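**Student:** Okay, here's what each chain looks like letter by letter:
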Amino acid sequence: MEPLIPPTDLDLQVAIGPLRLANPVMTASGTFGYGAEFANLVDLNRLGAMVVKGISLEPRPGNPPPRIVETSCGMLNAIGLENVGVKRFINQKMPFLRTCLSRVIVNILGDSIEEYAFLAHELSGVAGIDALEINISCPNVKKGGVAFGTVPEMAAAVTQAVKRETDLPVIVKLSPNVTDIVAMAQAVEQSGADAVSLINTLIGMAIDARTRRPRLANIIGGLSGPAIKPIALRMVWQVASTVSIPVIGIGGIGTAEDAIEFLLAGATAVQIGTANFYNPGATEQILTGIEHYLRQQGETSIRAIIGSLRLGV
Amino acid sequence: MSEYQENSVVESIERLADALYRLTLHAPCIAAAAKPGQFIMAACGHSLDPLLRRPFSIHQAATSGTIQLLFKVIGRGTNLLSELRPGQSLSLLGPLGHGFQLPPSGPLCLIGGGIGIAPLFFLATKWLQQPRPPESCVVLLGSRTAEEIRQLATDFSELGCLVGTATDDGSLGHHGLVSDLLPPFLSDLKQVCTCGPTAMMAAIAGLCRDTAVPCETSLESHMACGLGACLGCAIPGADGHYKHVCKHGPVFNAEEVAWSR
Ligand SMILES: Cc1cc2nc3c(=O)[nH]c(=O)nc-3n(C[C@H](O)[C@H](O)[C@H](O)COP(=O)(O)OP(=O)(O)OC[C@H]3O[C@@H](n4cnc5c(N)ncnc54)[C@H](O)[C@@H]3O)c2cc1C
Ligand SMILES: Cc1cc2nc3c(=O)[nH]c(=O)nc-3n(C[C@H](O)[C@H](O)[C@H](O)COP(=O)(O)O)c2cc1C
Ligand code: FES
Chain U
0 MEPLIPPTDL DLQVAIGPLR LANPVMTASG TFGYGAEFAN LVDLNRLGAM VVKGISLEPR
60 PGNPPPRIVE TSCGMLNAIG LENVGVKRFI NQKMPFLRTC LSRVIVNILG DSIEEYAFLA
120 HELSGVAGID ALEINISCPN VKKGGVAFGT VPEMAAAVTQ AVKRETDLPV IVKLSPNVTD
180 IVAMAQAVEQ SGADAVSLIN TLIGMAIDAR TRRPRLANII GGLSGPAIKP IALRMVWQVA
240 STVSIPVIGI GGIGTAEDAI EFLLAGATAV QIGTANFYNP GATEQILTGI EHYLRQQGET
300 SIRAIIGSLR LGV
Chain E
0 MSEYQENSVV ESIERLADAL YRLTLHAPCI AAAAKPGQFI MAACGHSLDP LLRRPFSIHQ
60 AATSGTIQLL FKVIGRGTNL LSELRPGQSL SLLGPLGHGF QLPPSGPLCL IGGGIGIAPL
120 FFLATKWLQQ PRPPESCVVL LGSRTAEEIR QLATDFSELG CLVGTATDDG SLGHHGLVSD
180 LLPPFLSDLK QVCTCGPTAM MAAIAGLCRD TAVPCETSLE SHMACGLGAC LGCAIPGADG
240 HYKHVCKHGP VFNAEEVAWS R
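Protein chains in written order, with numbering that gives the first Met the number 0: chain U, 0 to 312; chain E, 0 to 260.
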């Protein structure tokens with residue numbers, strides 16, 4: 000079938016603050032490794048951006064197994080933020096990432112405000128890094144282990160500290176495990192965040208009735224996949240309706256239609272997570288599907304559909 | 000190393016025992032690239048539930064472009080696989096992971112427990128591509144009952160292996176553990192390759208360590224991606240660091256694994 004509008008005439012570009020993306024399809028942190036893992040399966044020059052596995056100052060070993068368990072239309076994970084640490088990331092993972100045309104966004108995590116700030120400083124001069132995404136769903140060790148992502152003042156403080164150390168665009172990734180995600184988004188917007196991404200995983204649990212044991216060694220873990228999509232969509236819509244910085248939609252996206260729903264709700268871009276596991280080609284298929292949708296809708300620019308949800312009669 | 004997301008077509012499905020099936024799939028890209036000990040991730044079912052692909056060892060790969068899986072029905076995913084019929088499609092991702100490292104010369108002993116026998120058939124086929132006497136490929140198979148291994152024991156014999164069997168109920172071969180069969184062979188062996196329950200592999204790894212025979216073990220872990228991306232498949236290594244079964248394994252030298260965890 001001949002496309003009504005040739006692909007070259009479609010404008011898929013979006014801006015995440017100062018960061019321009021060729022298209023709105025990104026990978027979600029922790030689900031796409033450091034890119035190289037998918038090199039044989041996905042064209043790493045074609046994605047809007049790749050967000051790499053969360054990086055901390057020192058390497059982290061992660062949690063004991065079992066770390067993952069499948070649930071209805073989803074999965075729980077308790078990886079425990081296993082990562083190679085910032086030095087090895089820069090020396091061993093960045094050389095490959097620099098060869099890819101897709102933008103590279105580094106997801107960072109820490110257990111103190113100082114650690115986040117230091118990471119931002121370390122990563123700022125590194126060639127090939129286009130933006131930072133701050134994972135604030137981590138316990139603040141100095142504040143009794145309360146997650147940065149659940150207290151607006153703490154999230155704001157992390158954002159400010161990171162912004163002070165870097166000129167890179169800063170995306171703050173919000174946790175859904177809060178009473179009021181809009182308050183969190185507003186707090187980080189006021190602290191200078193260039194964009195917010197949401198949602199991270201929802202805390203959940205699974206039990207093996209036969210053995211009477213939790214299915215994860217960590218007992219609790221983060222729920223992801225299609226099961227969380229309605230919650231993510233609702234939160235994205237609420238946040239996008241309130242803040243004026245760009246919103247990146249994440250949560251259960253597996254098809255182009257899913258992605259488009261997030262764009263309609265107000266997301267400027269989307270991240271694909273768990274779908275990379277059950278369908279490694281998901282990102283490229285979603286991109287192609289979005290192009291198809293635009294042609295079907297008679298639109299030439301992706302920006303025409305962002306936030307174009309029709310309300311009322 | 001290259002992996003493919005390939006839509007395979009079912010050529011045949013045989014029921015070898017009560018819950019044991021052998022599935023033959025046309026998957027030319029994976030068949031051509033596969034090495035013994037590697038595995039595939041299969042998308043059992045066509046919906047979002049069950050969501051994740053299931054890992055299966057490559058039981059056989061032929062130059063004609065087919066691969067075989069040997070699987071036991073234990074839950075929803077494997078139950079869906081057992082319902083496949085010729086002509087239907089099954090999305091595969093593979094070949095994945097690191098397979099068995101082999102010594103230049105034998106004799107070799109392959110020890111399989113239960114469904115762990117699956118990868119050993121491909122290994123034996125490759126090993127016996129060069130003309131070798133049966134004593135150079137000793138195969139020891141263990142299971143609960145005769146039913147589960149009768150067909151496989153015949154297949155290994157026909158391939159030209161020296162086959163020993165052990166069953167929990169004594170219905171075929173030695174009445175007891177398959178690892179009981181190993182000691183008489185140990186002094187001559189160049190290497191042992193094993194796949195099966197962890198307790199069985201730990202026992203075999205111990206016997207091999209005592210006699211300084213290299214031992215390659217194929218491990219299992221729950222997996223989401225099979226590509227080294229999710230870090231979900233970690234197992235504790237002997238060096239105190241976690242190893243990822245899908246990437247560093249599934250075949251590990253027994254000395255790399257922390258057996259008493
Ligand atoms: C590298 C590797 C090779 C394997 N090769 C074979 C093979 O050749 N033949 C065979 O029959 N089985 C093999 N297995 C085990 C097989 O993957 C499981 O039996 C299968 O995933 C069970 O799926 P289910 O939906 O039927 O069971 P369920 O219990 O319903 O599965 C629920 C979840 O747990 C996971 N799971 C359950 N048991 C296992 C297990 N033992 N190992 C890993 N994940 C598990 C499933 O993948 C799924 O995500 C292999 C496992 C690994 C890791
Ligand atoms: C195995 C796994 C590991 C993850 N690791 C990280 C991480 O390191 N940092 C982070 O910010 N989010 C991490 N996430 C969360 C995802 O990036 C994403 O926010 C979440 O999974 C929801 O999207 P999905 O439903 O499309 O997977 C991880 C998710 C999974 C499933
Ligand atoms: S299964 Fe995902 S890293 Fe091994």
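It should be emphasised that the hints constitute simulated quantities derived from the structure, not laboratory data. Nothing here was measured: the structure is a model prediction, and the numbers come from that model. All residues carry an ideal CB built from backbone N, CA and C; glycine is no exception. One or more hints might be untrue.
[Unchecked claim] Residues of chain E clear of chain U, computed beta-carbon distances all greater than 12 Å: (1) Gln4; (2) Ser11; (3) Thr23; (4) Ala31; (5) Met40; (6) Gln128; (7) Asp179; (8) Pro183; (9) Arg208; (10) Val244.
[As the list claims (entries may be wrong)] Covered, in the sense of this in silico footprint (three residues per stretch, anywhere, with C-beta under 8 Å from a C-beta of chain E), are these stretches of chain U: (11) 32-43; (12) 66-75; (13) 277-285.
**Student:** Please list, smallest to largest, the hint numbers that this structure does not respect.
**Tutor:** Per hint list: 1, 5, 10 violated.
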